[in-house]
Amino acid sequence: MEKMFLTQEIGSIQRPIWRQKLNVAAKKEWIDSALKWGETFEVEERKELKGLLEKTEKTPEEKQRVIDIATIYVIKMFEKAGLDRIYNGEQPRTEMYDVFAKNTSGITSAGFVNSFDANYFRKGIIENKVLIKKNAVDWFERELEFVQKYSDKIVKPCLTGPYTMTDWSYVEFYRKLHEKKGENSLKALKKGRMDAALDFAKNVLNPVVKKWVKAGATIVQIDEPAASTNEQESDIFVESVNEAFKGIPNKVEKAVHLCYSNYPALFPELAECKADSYLIECTNHAAGKEFGAKSVNPKAYDIINLFNEHSMNVNIGAGVIDIHSDLIESPELIRDRLLHVAKALGDSSRVHVNPDCGLRTRTWSIAFPKLVNMVKGAELARKTVE
Amino acid sequence: MNFKGAILSGTLSRSPETIKIHRLLRDGHAKKTDFEKAVEKDSNQIIQAQKNFAFVSGGQLNWLDLLRPIASNFKGFAKGKSEKEDSVGPVTRWFRTNTFYRKPTIVEKISSNGKELSQNLPKIENNNGILFLLGPYSFSKLVQNSFYENEKELILDYAKAINQNISDLKQKGYGAIFFSEPSIGFDFSKKELKKEMFFEEFASNIKEILKGINFPLTDASNFFPLIEETDFDFVGIDCIFSDFEKIKTKKNVFLGLTDGSRIGVESLEQINKIVQNFKQKASAKDYFIGPNDRLFDVPFEQGLKKIKILSDFKE
Numbered sequence: 008m009e010k011m012f013l014t015q016e017i018g019s020i021q022r023p024i025w026r027q028k029l030n031v032a033a034k035k036e037w038i039d040s041a042l043k044w045g046e047t048f049e050v051e052e053r054k055e056l057k058g059l060l061e062k063t064e065k066t067p068e069e070k071q072r073v074i075d076i077a078t079i080y081v082i083k084m085f086e087k088a089g090l091d092r093i094y095n096g097e098q099p100r101t102e103m104y105d106v107f108a109k110n111t112s113g114i115t116s117a118g119f120v121n122s123f124d125a126n127y128f129r130k131g132i133i134e135n136k137v138l139i140k141k142n143a144v145d146w147f148e149r150e151l152e153f154v155q156k157y158s159d160k161i162v163k164p165c166l167t168g169p170y171t172m173t174d175w176s177y178v179e180f181y182r183k184l185h186e187k188k189g190e191n192s193l194k195a196l197k198k199g200r201m202d203a204a205l206d207f208a209k210n211v212l213n214p215v216v217k218k219w220v221k222a223g224a225t226i227v228q229i230d231e232p233a234a235s236t237n238e239q240e241s242d243i244f245v246e247s248v249n250e251a252f253k254g255i256p257n258k259v260e261k262a263v264h265l266c267y268s269n270y271p272a273l274f275p276e277l278a279e280c281k282a283d284s285y286l287i288e289c290t291n292h293a294a295g296k297e298f299g300a301k302s303v304n305p306k307a308y309d310i311i312n313l314f315n316e317h318s319m320n321v322n323i324g325a326g327v328i329d330i331h332s333d334l335i336e337s338p339e340l341i342r343d344r345l346l347h348v349a350k351a352l353g354d355s356s357r358v359h360v361n362p363d364c365g366l367r368t369r370t371w372s373i374a375f376p377k378l379v380n381m382v383k384g385a386e387l388a389r390k391t392v393e
Numbered sequence: 017m018n019f020k021g022a023i024l025s026g027t028l029s030r031s032p033e034t035i036k037i038h039r040l041l042r043d044g045h046a047k048k049t050d051f052e053k054a055v056e057k058d059s060n061q062i063i064q065a066q067k068n069f070a071f072v073s074g075g076q077l078n079w080l081d082l083l084r085p086i087a088s089n090f091k092g093f094a095k096g097k098s099e100k101e102d103s104v105g106p107v108t109r110w111f112r113t114n115t116f117y118r119k120p121t122i123v124e125k126i127s128s129n130g131k132e133l134s135q136n137l138p139k140i141e142n143n144n145g146i147l148f149l150l151g152p153y154s155f156s157k158l159v160q161n162s163f164y165e166n167e168k169e170l171i172l173d174y175a176k177a178i179n180q181n182i183s184d185l186k187q188k189g190y191g192a193i194f195f196s197e198p199s200i201g202f203d204f205s206k207k208e209l210k211k212e213m214f215f216e217e218f219a220s221n222i223k224e225i226l227k228g229i230n231f232p233l234t235d236a237s238n239f240f241p242l243i244e245e246t247d248f249d250f251v252g253i254d255c256i257f258s259d260f261e262k263i264k265t266k267k268n269v270f271l272g273l274t275d276g277s278r279i280g281v282e283s284l285e286q287i288n289k290i291v292q293n294f295k296q297k298a299s300a301k302d303y304f305i306g307p308n309d310r311l312f313d314v315p316f317e318q319g320l321k322k323i324k325i326l327s328d329f330k331e
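Quick mapping for you: the protein sequence lines, in order, are chains A and B. To convert, take the position in the first sequence, counting from 1, and add 7; that gives the working numbering. To convert, take the position in the second sequence, counting from 1, and add 16; that gives the working numbering.
Treat the hints with care, since some could be wrong.
Covered by chain B, according to a simulated footprint, are these stretches of chain A (three or more residues, beta-carbon under 8 Å) [unchecked claim]:
(1) 74–87
(2) 127–134
(3) 215–228
(4) 236–248
(5) 320–334
(6) 370–376
In case anyone wonders, no lab produced these hints; they're calculated from the structure. Yeah, the Cβ is synthetic: ideal placement off N, Cα and C, and Gly gets one too.
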């Protein structure tokens, strides 16, 4: 039987400044910070990193080595925090949309558009049928193998979902195909988006998922933050996720991460989705006054009733850490949140524990103690239930 | 049905140079004044591109989202302790594409000193400036309400606070407000249309300025029964999603006929085809044209191209 309240990270961790600025000589404070965290996480490669960072110019191989060491740092951060399931904090990647857009033929960059505050993303134009680029499957396989090499924990690789890739792109090619058939603009829009999502699933994601499974992955996570962006398209989201998981053995856990979603909008279509686990956000939607200890609002977990109402016997990865707040949630607060989730789900064994989303927006000095407390909170919840 | 000119329907994207400065500002390597200067330069380009427009906008480029200046400046909203951009509330998903807004919390009665809106807008010559704000339904759905007992009170106080700003807005050259209702398209695809949207009460509390209400990403024909008798002067129709044959109105309309979510620039021929199709199937007083939704989701240069083609349109 699987461990109760199994803990996991969910995706991205902030890339340290020395990982971001590979083309400049590191400032002294960057090196000091790298050494400090290296010591905290017991990273053996920290002295090698210091040598690399001190170089005024780095060769492509040396830059790659800095990225590798950043990945090792994050793996060790997760291990030090005590997480059961880990990946690489997306250190080798640029950004969740960009990494797949770059590895997909048929997409070109339109330039930057705003995401929120001073955060922007490079939005792609689908100008042709989407296909995974030659060598990209191998790149993702190497990414997985790197984490497997450095950790004995359960490795949970993640990839950006087909609906999200579609929603965050300009779907020009697929819309035009339907417009040329004489369909009106609304039908061409909807059918074009369906075709694009299915092609992303079939031609881009599925080959990567299959490769990961062959390489030993026992769980694969698809990230679909855009899932409920348009509630009239829940069918596109569900069909394309199923297509992405097609041909994956039952013994492999198929997980879907849904953050910042209007969850009710996904039902009843979500019941047709073949995923085994859903990692959902439970904390960010709570009102500010409910973030303090002893003030957990059970309403934040109403979403779980929807899974029960639709007889979905799935695992719920409950988001018990707010990734947009510097508040370090106490273990007791996390315990209480988890107990609410377990009560709502009616089965503690199906509750997994994670942040709402990737912790990329928080500094390591905030993200790490948050994860440490999340693991402690899960342990307290385990003791309470047992 | 006569052509009254083009107008935009929402905020725009920032230029690559301004994006660079915005990121530097976030990381502490640029001053706020550098960002403000860059925004002003972009705004001027946007205004110049709208040379034949009925109403013009600077794109509201310093508005980080449609709620931010309101939540930061109007009374009634929880305020963060810092000057940082993230002090207003948690990041929450916006509609379509990879965009978010910060969800503010209402903690007391909303009110205004009448000066808050104009301080975040450029001055517009010729008194034909247009301001984009959230409509009553979307406003009530996108805030976290921890104060009002019912939505009607909340919506009316929002209207009254806007109304306090009209005189000041006019002095700065603003003659119109275009309210957007993105939540409606999102919320009502699976549900019954309700009457409790308080359009009538909302519109009647905002006086002495031209008012429009836009229904992006949904079939606007559903909402005319709720709008027809209100004080709104024009109604925005998303031409991709709307059934023209069901639209019979005495009001002016805004035809959202270029696609704000599409990178390609529509041709004058395509624009004219939609106009003629509308005139053939629907009836209305006069009409404006513009993008169906904000051009925030296309890069700056592409947004300018989309504006220029609208500026060139003549019936």
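Here is how each hint holds up against the structure:
Under a criterion of three residues with beta carbons nearer than 8 Å to beta carbons of chain B, the stated coverage of the region 74–87 of chain A fails, only 0 such residues being counted. Coverage of the region 127–134 of chain A by chain B holds in this model, with 4 residues showing a Cβ closer than 8 Å to a Cβ of that chain against a need of three. Only residues whose C-beta sits within less than 8 Å of a C-beta in chain B count toward coverage, and the region 215–228 of chain A has 0 of them, not enough to reach three; the restraint is violated. Here the region 236–248 of chain A counts 4 residues with a CB under 8 Å from a CB of chain B, which clears the bar of 3, and the coverage holds.
Figure legend: the region 320–334 of chain A, annotated as covered by chain B; annotation consistent (3 residues with Cβ-Cβ distances under 8 Å, at least 3 required). With a threshold of 8 Å between beta carbons, the proposed coverage of the region 370–376 of chain A by chain B is violated, since 0 of its residues qualify and at least three are required.
Comparing the model with each earlier hint shows violations of hints 1, 3 and 6; every other hint is respected.
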